[in-house]
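Got chain E; can you put chain W on it based on the hints?
The listed protein sequences correspond, in order, to chains E and W. Quick note: to get my numbering, add 129 to the position in the first sequence (first position is 1). Quick note: to get my numbering, add 129 to the position in the second sequence (first position is 1).
None of these hints come from the bench; they were simulated from the model. Keep in mind the model is a prediction, meaning the values are calculated, not measured.
One copy or any two copies: either way a pair holds, since identical chains are not told apart in the list.
Below are the DSBU-like pairs computed for lysine-lysine, each with C-alpha atoms no more than 30 Å apart in a straight line:
1) Lys417 with Lys239
2) Lys133 with Lys172
3) Lys418 with Lys133
4) Lys332 with Lys398
5) Lys594 with Lys639
6) Lys440 with Lys223
7) Lys133 with Lys417
8) Lys602 with Lys639
9) Lys132 with Lys594
2 protein chains.
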Amino acid sequence: MSKKMNGAQALMKTLVDAGVEVCFSNPGTSEMHFVAALDSEPKMRAVLALFEGVATGAADGYARMAGKPAATLLHLGCGLGNGLANLHNARKGKVPMINIVGDHATYHVKYDAQLQSDIETVARNVSPEFVRTSQSTDELCSDAANALTAAQTFPNKISTLILPADVSWGEGAKPATVPTIPAAPVADDAIIEEIAKAIKSGKKTAMLLGGRALREPSLIEAAKVAAKHGVKLFAETFPTRIERGAGLPPVERIAYLAELVGVQLADIKNLITVDAKPPVSFFAYPGKKSYLVPDGCNLFELASEEQDTSKSLNKLVNALDANDTKPALQEASRPGRPRGKLTAEKVCKAVGHFMPEDSIIVDEAITSGLMLNAMTAGAPRHDMITLTGGAIGQGLPSSIGAAIACPDRPVIALIGDGTAMYTNQALWTMAAENLNVTSIIFHNASYSVLNIELERVGAESIGEKAKSQLDLKGAHLNFAQLAQGMGVHGTRVTTADELNKALKYALNHKGPNLIEVMVPESLNGTKRKVLPWVLKSLPGLPLPLTRALKKKIAP
Amino acid sequence: MSKKMNGAQALMKTLVDAGVEVCFSNPGTSEMHFVAALDSEPKMRAVLALFEGVATGAADGYARMAGKPAATLLHLGCGLGNGLANLHNARKGKVPMINIVGDHATYHVKYDAQLQSDIETVARNVSPEFVRTSQSTDELCSDAANALTAAQTFPNKISTLILPADVSWGEGAKPATVPTIPAAPVADDAIIEEIAKAIKSGKKTAMLLGGRALREPSLIEAAKVAAKHGVKLFAETFPTRIERGAGLPPVERIAYLAELVGVQLADIKNLITVDAKPPVSFFAYPGKKSYLVPDGCNLFELASEEQDTSKSLNKLVNALDANDTKPALQEASRPGRPRGKLTAEKVCKAVGHFMPEDSIIVDEAITSGLMLNAMTAGAPRHDMITLTGGAIGQGLPSSIGAAIACPDRPVIALIGDGTAMYTNQALWTMAAENLNVTSIIFHNASYSVLNIELERVGAESIGEKAKSQLDLKGAHLNFAQLAQGMGVHGTRVTTADELNKALKYALNHKGPNLIEVMVPESLNGTKRKVLPWVLKSLPGLPLPLTRALKKKIAP
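Bound conformation, chain E alone:
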């Protein structure tokens, strides 16, 4: 490798040598040398996005499924700003990523040209642990190596490497090697002993699994403990990636609504977290608790986000002598094919009915997806990706990344209509890359969740203007048309039969497909209470529990 390289070329080689093989990009002038360097590295795939939030969301989805970081290529502070919401989701999901953010040449900064802004400050919101403006072509590749080390050390992080144009075009750069990331530590004996004792105490105990603990190796270990000692298994509310379906241990997700978490955790005396935080309310509500662990419940941390979850769990299994215990596994069962009038619930049913084995389900359906977990619980084995940071507009971009990481697996994205609009440009990239993504858009013409929230925060007197801010009916949205305008096959369906047909077609044809499902605006009940409606079904809860809860809480 005695070839003379400029900064961009050496950076590209550093990335590729470290296993970074995809760059999701939305470049501008300051990134032109990096763009030109793409052709010097056959191993680097460049995927163009027409909006930065698509690039960052795609890098997130990619890393969740590939288990390694992708790069993004963004244009100065504004490009990074546009990508911020999905970087936030990735950060909350502990997803590894490296942002390459182009900047003005170092000597140009002082002139405060139009695009000059404080990039580092923006970056700190989402990559507080690693933000560096590379100061010279010499240092660039070691900066990149440090960025990748930081990103891949547990908990995985987003690293932001700011690349001034002159550092990029400077000559004489040398690629650097990313050192092997040390293995994550395992829970120490003392905590294992303490937890084993708590479990054996006979008090009602639950284990809350998050992060990497929702992947098969950890799930199996946790399920052995559950089977031997009657420990209840919970998953965090919004998993980065959960492996589930027939043959895997079923886990009940902690509900979004704090009102319900109280019920889920009511009798728990010991709560053991594994790469998860004790549950807190998503938002605060007047007069309601933010911290949802019941008073008097003992908390134990089996594995922190820095630690190895499956090895720590295995150590617990050994301590409990549960190695030979047979874990309870989900039985195979699919819902029937839906019929008649379309509802959000029937859409979830259709997904459960038709989804192929090894599907990747991207869930950003918000209120429309309340039944998704129940309807897919016994479907063939699959992965589910969710909205880890609450910044909507993650689902479509994330699907791009998942499809690129796993080209042989079908991706099914369930997206709310309000949500889909934030990053609709993702459809273009799906078409440009001919990705195997079926996007199902729930058209209810409303930010439905906000109707619930308006009630929950106690803002009771709702006038016309307030209502108009939660309502997408001001102008007619047509997602099938939007899809077609970006080169994606789009269909609008209004009955279950039409949906069944469209879904079968989409799953049997390679390339992107969008199905716009016209569902009733069930939640827009500003006169009646909407919370009871929500209680009809709850994400992640098995149906019998849902029914019990409904009796217990509904006014």
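Here is chain W on its own, set in the frame of chain E:
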């Protein structure tokens, strides 16, 4: 006003009393009390955007035309992040604005819930002068008053007021009054004397007008100086708002390409700035100068961005005894109606031919708009709004704001296709509010400007992958379809005749309209040099000068 108010209601009243009458919003749960308070204030108009970049860009366009700030309503750090690029444009354009960014309740922050992030840090990128997290319901309205004072003091700024949910829902709040903003200072006698002397020295002198100096009162004063002493008038490259057309003093805009600025300023010995910075290159290029003021040219600042431009200019007029000098005014002249095959130039010609008096032209056409200035120079009096911060995706949102500020004036937005995609959701708000905006999208299926820039930065060896990152042909875009998918009347035109017809129709019918003009991808010449092509026409330069420049620079 003894009515009991919560924080949100009192804040709403504080805003309205200070003249803030429009709130461009994309709310979430933490903003629900503010949303509910909308109905308590009949004077506050709420305009929903389906993406935050639309809300911030609309607030920018509104303030440029209304001459006073609008509010935005954004959802925590991620909502602010999504709005950042257009806030950047507003900041660079010295546009007043107040962001209301909802946050978790103060006591909820410590739980680091999903949407928790460091909002203040993000905000500092675009409102470094005023970021405040209001700490109590009692302080909220005085915080808001301070925010509005900061925003409206020259140079106008963006203030960001972070509104924790409990501060918003807390009771017992009292509205506050925004004190009168003190008049901006006027240039002092010494500098006026110095500048008058320089002008009278007989050396070639130019005046560079920016910011508020491009509005009629200042233009007239500057043009008197120009007429009496042969001072050349320049406008900054990207004006926030320039009043122009028949009957107003014509001003030559400083070119985007540094190569040309050198020619524009070549013989200038004295450069007087008025609310403008000495020209610098938009980006840095290897081996080329960033600072574009010629060596040996004397710099004078007549009015800084803090000062009153028209009064300072008037003082200079008096010092030069030019009060009775007749300023040179632009003669009325429109280009003929274009015919035959469609080109970007002919689109600009059609706009010049058809645009009604008092139009508001929003120019984000990038390379396709090179002829726009020349073609509209002698059109009836109008305003032009441009991309002040270089963060593309400003034009469509900005048009919303302009149309709301000036409901009786037609808005004509010229937008590049790549550019339009960043904030395409703006079309929905145009439809929902039935705004009188004609959006012309130049469809050349390319980030054309980057083909120029790739050459200018000297990244010469361009491979297929690099080219693919500048190219929008990966999937078929259809803007007419996108418009229709968001409730806007959309047409695609491929000949000049079709364009003429569509433009006449749009200008004669109220409500939004989108015309997708299919223009050749003239710049995608990766084999041939593209810079000479650009020289065929230059923004803001009169045609004869363009021709002279072309001879002088083209290889």
